[in-house]
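Take the sequence shown: its position 244, counting from 1, is numbered 241 in the working numbering, and each next residue is one higher.
It is worth saying that the hints were derived from the structure and are not from the lab. Virtual Cβ for every residue (Gly too), placed ideally from N, Cα, C. Some hints could be false.
Lysine-lysine pairs mimicking DSSO-like chemistry, simulated, CA-CA at most 30 Å apart [to be verified]:
| hint | residue 1 | residue 2 |
| --- | --- | --- |
| 1 | Lys138 | Lys251 |
| 2 | Lys93 | Lys31 |
| 3 | Lys102 | Lys141 |
| 4 | Lys138 | Lys102 |
| 5 | Lys138 | Lys190 |
| 6 | Lys180 | Lys138 |
| 7 | Lys197 | Lys234 |
| 8 | Lys236 | Lys251 |
| 9 | Lys138 | Lys237 |
| 10 | Lys138 | Lys54 |
| 11 | Lys190 | Lys180 |
| 12 | Lys200 | Lys180 |
| 13 | Lys197 | Lys208 |
| 14 | Lys113 | Lys93 |
| 15 | Lys56 | Lys102 |
| 16 | Lys102 | Lys31 |
| 17 | Lys170 | Lys234 |
| 18 | Lys56 | Lys180 |
| 19 | Lys236 | Lys190 |
| 20 | Lys93 | Lys184 |
Pairwise CB distance ranges (calculated) [claimed, not checked]:
| hint | residue 1 | residue 2 | range |
| --- | --- | --- | --- |
| 21 | Gln73 | Lys180 | 14 to 22 Å |
| 22 | Val172 | Ser145 | 39 to 47 Å |
| 23 | Lys237 | Asp193 | 36 to 44 Å |
| 24 | Glu195 | Glu53 | 28 to 36 Å |
| 25 | Asn50 | Pro24 | 22 to 30 Å |
| 26 | Tyr147 | His178 | 47 to 55 Å |
| 27 | Val172 | Thr217 | 34 to 42 Å |
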Amino acid sequence: MSEEQKPTIINQDQPTQTWFSSWFDTPYYHILYKDRNYREAQIFMDNLTHYLNLPEKAKVLDLACGKGRHSIYLNQLDFDVLGADLSENSIAEANKNANETLHFKVHDMREPFEEKYDAIFNLFTSFGYFENDEDNLTTLKAIKESLSEYGFAVIDFMNVAQVLNSLVPEETKTVDDIDFHIKRYLKDGHIYKEIDFEDKGQKFHFTEKVKALTLQDFETLMEEAGIYLLDIFGDYKLKKFHKAESERLIMIFK
-2 MSEEQKPTII NQDQPTQTWF SSWFDTPYYH ILYKDRNYRE AQIFMDNLTH
48 YLNLPEKAKV LDLACGKGRH SIYLNQLDFD VLGADLSENS IAEANKNANE
98 TLHFKVHDMR EPFEEKYDAI FNLFTSFGYF ENDEDNLTTL KAIKESLSEY
148 GFAVIDFMNV AQVLNSLVPE ETKTVDDIDF HIKRYLKDGH IYKEIDFEDK
198 GQKFHFTEKV KALTLQDFET LMEEAGIYLL DIFGDYKLKK FHKAESERLI
248 MIFK
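Modelling step: build the complete structure from the supplied sequences, incorporating the hints.
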């Protein structure tokens, strides 16, 4: 499973929670995933905005922005950016970087925005983690309603076929002297990642869960939402999508 995912969360040391009180708001999420490739992400933003031929000062929405690292870079590319995320802690952190053309707000991605955007980016598998599958369609409709007449939207999702082919069932990652014991598996149409670790004498257990949506699944959802799929890419250099081996499923639509 991709290391950037922000799916439904269950902390089994406490009563069951949804992603609304998600584990990626804890310091441990950020410790485990601290070694992300930021330069690769910036190259992706460069390629994407060039491909979309966005005008200077275009209004861009970074949907499910986390702490805003992509919003910040998009703003450095001279776009007027809003980063939106459900996590209050993440938005509080992101707001430290706000300026006249970079803003952040707490927002549920299933709700449309009053303002219209020239581009909406949903990046690094920040989709498919709802308990109710209907919410995936609701989110697509909200994205559609939030686009300007000539606006484009982008969903960057994992390529499920490639992920399942290369799934590592069990591994241990040691980061900042914490041993994260990780198990991955497919169950009921979802890819799970169970994470166990100890810190300061306390045991922790979290489970990430994301819907194993294929391109065909997205095409069905988009047709129902009245969305026109324009192009599909298979990696951050915007190479052609190949079902069996592409690292990503990147969809451009309007």
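Consistency of the hints with the structure:
1. Lys138 <-> Lys251: With Cα atoms ~11 Å apart, Lys138 and Lys251 stay inside 30 Å; holds.
2. Lys93 <-> Lys31: Given that 30 Å is the threshold and the Cα spacing comes to 19 Å, the pair holds.
3. Lys102 <-> Lys141: holds (19 Å)
4. Lys138 <-> Lys102: holds (20 Å)
5. Lys138 <-> Lys190: holds (28 Å)
6. Lys180 <-> Lys138: violated (34 Å)
7. Lys197 <-> Lys234: violated (42 Å)
8. Lys236 <-> Lys251: holds (20 Å)
9. Lys138 <-> Lys237: Answer holds: Lys138 to Lys237 is near 26 Å, not above 30 Å.
10. Lys138 <-> Lys54: holds (25 Å)
11. Lys190 <-> Lys180: With a Cα-Cα distance of about 6 Å, the restraint between Lys190 and Lys180 holds, given a limit of 30 Å.
12. Lys200 <-> Lys180: Holds, at about 16 Å.
13. Lys197 <-> Lys208: Roughly 33 Å separates the two Cα atoms, so the pair is violated.
14. Lys113 <-> Lys93: holds (25 Å)
15. Lys56 <-> Lys102: holds (15 Å)
16. Lys102 <-> Lys31: holds (23 Å)
17. Lys170 <-> Lys234: Distance ~28 Å between Lys170 and Lys234 Cα, so the pair holds.
18. Lys56 <-> Lys180: violated (40 Å)
19. Lys236 <-> Lys190: holds (28 Å)
20. Lys93 <-> Lys184: violated (39 Å)
21. Gln73 <-> Lys180: 14 to 22 Å: Roughly 38 Å apart at Cβ, these two residues miss the hinted range, so it is violated.
22. Val172 <-> Ser145: 39 to 47 Å: holds (41 Å)
23. Lys237 <-> Asp193: 36 to 44 Å: Hint holds: Cβ distance 39 Å, inside 36 to 44 Å.
24. Glu195 <-> Glu53: 28 to 36 Å: About 50 Å separates the Cβ atoms of Glu195 and Glu53, which means 28 to 36 Å is violated.
25. Asn50 <-> Pro24: 22 to 30 Å: violated (40 Å)
26. Tyr147 <-> His178: 47 to 55 Å: Holds - the Cβ-Cβ distance for Tyr147 and His178, about 49 Å, lies within 47 to 55 Å.
27. Val172 <-> Thr217: 34 to 42 Å: holds (38 Å)
In terms of the numbered hints stated before, the structure departs from hints 6, 7, 13, 18, 20, 21, 24 and 25, listed from lowest to highest.
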